[in-house]
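2 protein chains.
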Amino acid sequence: MIPNKETITQAAERILPYIHRTPLITSKRINKIFNADIYFKCENLQKAGAFKTRGAINAVFSLNEHEFKNGVATHSSGNHAQALARAASIRRIKAYIVMPEDSSKVKIEAVKSYGGIITFCKPTLEARETTLALILEKTKAIEIHPYDNYKIIAGQATAAKEFFEQIPEIKTIIVPVGGGGLLSGTALAAHYFSSDTRVIAVEPEQANDAFKSFYSGSFVPSLNPDTIADGLRTSLGTKTFPIIQKHVHQIVTVSEKSIIEAMRLVWESTKMIIEASSAVPIAALLEKKFNFEGQKIGIVISGGNVDFDNLPW
Amino acid sequence: MIPNKETITQAAERILPYIHRTPLITSKRINKIFNADIYFKCENLQKAGAFKTRGAINAVFSLNEHEFKNGVATHSSGNHAQALARAASIRRIKAYIVMPEDSSKVKIEAVKSYGGIITFCKPTLEARETTLALILEKTKAIEIHPYDNYKIIAGQATAAKEFFEQIPEIKTIIVPVGGGGLLSGTALAAHYFSSDTRVIAVEPEQANDAFKSFYSGSFVPSLNPDTIADGLRTSLGTKTFPIIQKHVHQIVTVSEKSIIEAMRLVWESTKMIIEASSAVPIAALLEKKFNFEGQKIGIVISGGNVDFDNLPW
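Just so you know, the sequences run in chain order P and D. Residues 937 to 1249 in the working numbering are what the first sequence lists, from first letter to last. Residues 937 to 1249 in the working numbering are what the second sequence lists, from first letter to last.
Honestly, the hints are just simulated from the structure, not real lab data. Please read all numbers here as calculations on a predicted model, not as lab measurements. We put the beta carbon where it would ideally sit given N, CA and C, even for glycine. Warning: the hint list may mix true and false statements.
For each label pair, taking beta carbons as the anchor points, the in silico distance ranges come out as [what the hints assert, rightly or not]:
(1) D/Gln1231 <-> P/Lys1107: 42 to 50 Å
(2) D/Ile1103 <-> P/Lys941: 34 to 42 Å
(3) D/Glu1065 <-> P/Pro1059: 53 to 61 Å
This is chain P alone, in the form it adopts within the complex:
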């Protein structure tokens, strides 16, 4: 069932013991540059380093004993892998994670540190899906998709719900879009908890499937995405796209150059580490992609998992 006011509220209560209520921060320098009051919701300081923890905990803790007895499984090269492994370890069940063999060492180590059982595969979507199918068949584990899952979406919605509680005056909320889990959750949270807030999504130009899908009205897959914002390379899902169509106000795209400039600006101004995918909304401000001057803007900083051996500058 598409998350609603009740199920998002239930998700918030369910996950509370296992997540951080992340802080908001502001930067005078950034506010001066953009002539706006910008609040950052720091999901980079979230458990396991990203908002993905919210959805993973909600999904794993929504399962009953019969469902979770054989563990959970997913394919992911990124933050969902860590988040699911952590959620499973808290519930003392197994997490089978299919990871492409070119995943960064940092992310592999993080999954291992939470006790995730990793199976490596070739770095193609097809290899990931066939490897996962084999594992699901062999283990009878339950698949927890990174975004195309209503429990995941309800979990991700709790970040924006908290944001509106912390600063109710936000009139625009900006989030990055990859598979659309955070975006659809944010849009639902705005709809139910702050209905006069405008929801804007930002996507790399070089992975602009959500932009194309949104404005054409029909699903366009992500083909050969080539962006440093590695969390945003995925296509929208069959569950996230309709929610986005209905509740998101605008999607804009940004260049790689702006993403890198935005990432560095946030590092320098806030002394906080944010990943490239999280810099994408700030890149949209640099490119002045919509009107924001003089307004109160909320930006979800989606994660802080960075490979320091491969910085983009």
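With chain P fixed as given, assemble chain D onto it according to the hints.
Leaving out everything else, chain D in the frame of chain P:
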């Protein structure tokens, strides 16, 4: 006059409107690695990115109109330059900053952004001192030394004073030592506000003048310091050394390898940007230079001004 309970308290009140009362953070991962409760006092989130703001504000705001009418001056390639330029701009006086010509672009830009008037010189201590002497003669500005100044020391002492207010249970406080401004201030704050707290200083092996001075009992200058912890290359001062001799319990040294490992560990675990000089205390934990297991430890994270084009890994 050497700062005492009253003058440190006055400094704390004087600077309060112009600084951040910086937060404490903890990291479960770091606590697990070291088997201790470690609290980080985040002076990297301080105004102008470092604790130096405290001393600079205290020094500038302690001057009377007659003293400050011609402005303030210093030589510094680092955080004191920014901090003094900012303090002067708040008081609407001039700040003349002598900087070595090889200073990082980031630091030069930061000084300029606060309106500092920069004079470049050759990158030697002699050139810095002679250039500053010329400027003092020409402008009649008042020199604000980066650390060998009791107002600066009293200002830096307020970081530890706040720390003890925020978490009174700290039984060991660890700080890096360069010129000794932060260390002497911390040691005085511990003496007056938390007298059962052990004060430990950590210094790079490759800039071990404080270590040698402390254990030989007589001043040893820093000769050809070669460390990535660029804030810690300076020698102790005539005002800081006697305070350190009297009130510091232990000084240990650490390798460059450990400093880099510690810096990266903090970046990864806390998602916070700390500069190499700030990683030095954590390097001492990695090298197990003293007994800390099972204890409550306070570490002052001195600053977060990093040149992202020159990371040490």
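How the hints compare with the structure:
no. : hint                                : result
1   : D/Gln1231 <-> P/Lys1107: 42 to 50 Å : 48 Å, holds
2   : D/Ile1103 <-> P/Lys941: 34 to 42 Å  : 40 Å, holds
3   : D/Glu1065 <-> P/Pro1059: 53 to 61 Å : 58 Å, holds
Consistency with the previously given hints is maintained throughout, with no hint failing.
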